[in-house]
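Colleague: Oh and the sequence shown: position 24 is 52 in this note's numbering, straight run, nothing missing.
It should be emphasised that the hints constitute simulated quantities derived from the structure, not laboratory data. Bear in mind that the values here come from a model prediction, so they are computed numbers and not experimental data. Treat the hints with caution; some may be incorrect.
[Claimed, not checked] What follows is a set of in silico ranges between Cβ atoms, one per label pair, in the way DEER data are often shown:
{"no.": "1", "residue 1": "Q92", "residue 2": "N40", "range": "44 to 54 Å"}
{"no.": "2", "residue 1": "Q92", "residue 2": "K130", "range": "24 to 34 Å"}
{"no.": "3", "residue 1": "W34", "residue 2": "A96", "range": "50 to 60 Å"}
{"no.": "4", "residue 1": "R131", "residue 2": "D93", "range": "30 to 40 Å"}
[Stated by the list, open to error] Here are the simulated DSSO-like cross-link-like pairs (lysine-lysine), alpha carbons at most 27 Å apart as the crow flies:
{"no.": "5", "residue 1": "K107", "residue 2": "K123"}
{"no.": "6", "residue 1": "K95", "residue 2": "K107"}
{"no.": "7", "residue 1": "K123", "residue 2": "K149"}
{"no.": "8", "residue 1": "K123", "residue 2": "K95"}
{"no.": "9", "residue 1": "K142", "residue 2": "K126"}
{"no.": "10", "residue 1": "K130", "residue 2": "K80"}
{"no.": "11", "residue 1": "K130", "residue 2": "K107"}
{"no.": "12", "residue 1": "K80", "residue 2": "K149"}
{"no.": "13", "residue 1": "K107", "residue 2": "K138"}
{"no.": "14", "residue 1": "K138", "residue 2": "K126"}
{"no.": "15", "residue 1": "K80", "residue 2": "K126"}
{"no.": "16", "residue 1": "K107", "residue 2": "K80"}
{"no.": "17", "residue 1": "K149", "residue 2": "K138"}
{"no.": "18", "residue 1": "K130", "residue 2": "K142"}
{"no.": "19", "residue 1": "K80", "residue 2": "K95"}
{"no.": "20", "residue 1": "K149", "residue 2": "K126"}
{"no.": "21", "residue 1": "K80", "residue 2": "K138"}
Here a beta-carbon is modelled for each residue, glycine too, at the ideal position from N, C-alpha and C.
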Amino acid sequence: ALYNQWHEVLTNALIGGLCSSEYIHTRASLILLTCAVRVFPTRGMAGEQIIKALTPLQEDNNRQDIKAAAQGYFSQLIKARSDGVWREEDAATTKARKEMEKRQVEERRKNAEKQSEEMEKESAAISRELG
Numbered sequence: 029a030l031y032n033q034w035h036e037v038l039t040n041a042l043i044g045g046l047c048s049s050e051y052i053h054t055r056a057s058l059i060l061l062t063c064a065v066r067v068f069p070t071r072g073m074a075g076e077q078i079i080k081a082l083t084p085l086q087e088d089n090n091r092q093d094i095k096a097a098a099q100g101y102f103s104q105l106i107k108a109r110s111d112g113v114w115r116e117e118d119a120a121t122t123k124a125r126k127e128m129e130k131r132q133v134e135e136r137r138k139n140a141e142k143q144s145e146e147m148e149k150e151s152a153a154i155s156r157e158l159g
């Protein structure tokens, strides 16, 4: 019970820092999370909450150092999850996550194919116009 309480308190504090509008809070949270990535979080729910809080930092951020740190930590966190650091994930959750990841990969592949086809059509149209 104490472990769960500490895990929840730490998760909430770090997510609060990630979501803060203060640069130093966000930076400190990213530094702490990066240093502890091999041992924290061990609970899947906490990890998913952290990933959700990282998403805006990775995309729309004026500060490139925060964006780079968020992307770096995200990569390390995904690797840690794959390596089994999130020990408290049950089999059903693991299966659902893997299926979701598979769907996302398939969706990205389809989008890439569609984009490639559109580029080929544009290229052919330009070639026809040029002669």
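Colleague: For each hint, tell me whether it holds in the structure or not.
Modeller: Against the structure, the hints:
no.: 1; hint: Q92 / N40: 44 to 54 Å; result: violated, 27 Å
no.: 2; hint: Q92 / K130: 24 to 34 Å; result: holds, 32 Å
no.: 3; hint: W34 / A96: 50 to 60 Å; result: violated, 30 Å
no.: 4; hint: R131 / D93: 30 to 40 Å; result: holds, 33 Å
no.: 5; hint: K107 / K123; result: holds, 17 Å
no.: 6; hint: K95 / K107; result: holds, 19 Å
no.: 7; hint: K123 / K149; result: violated, 39 Å
no.: 8; hint: K123 / K95; result: violated, 30 Å
no.: 9; hint: K142 / K126; result: holds, 24 Å
no.: 10; hint: K130 / K80; result: holds, 19 Å
no.: 11; hint: K130 / K107; result: holds, 16 Å
no.: 12; hint: K80 / K149; result: violated, 37 Å
no.: 13; hint: K107 / K138; result: holds, 25 Å
no.: 14; hint: K138 / K126; result: holds, 18 Å
no.: 15; hint: K80 / K126; result: holds, 17 Å
no.: 16; hint: K107 / K80; result: holds, 16 Å
no.: 17; hint: K149 / K138; result: holds, 17 Å
no.: 18; hint: K130 / K142; result: holds, 18 Å
no.: 19; hint: K80 / K95; result: holds, 14 Å
no.: 20; hint: K149 / K126; result: violated, 35 Å
no.: 21; hint: K80 / K138; result: holds, 24 Å
Consistency note: the structure conflicts with the earlier hints numbered 1, 3, 7, 8, 12, 20.
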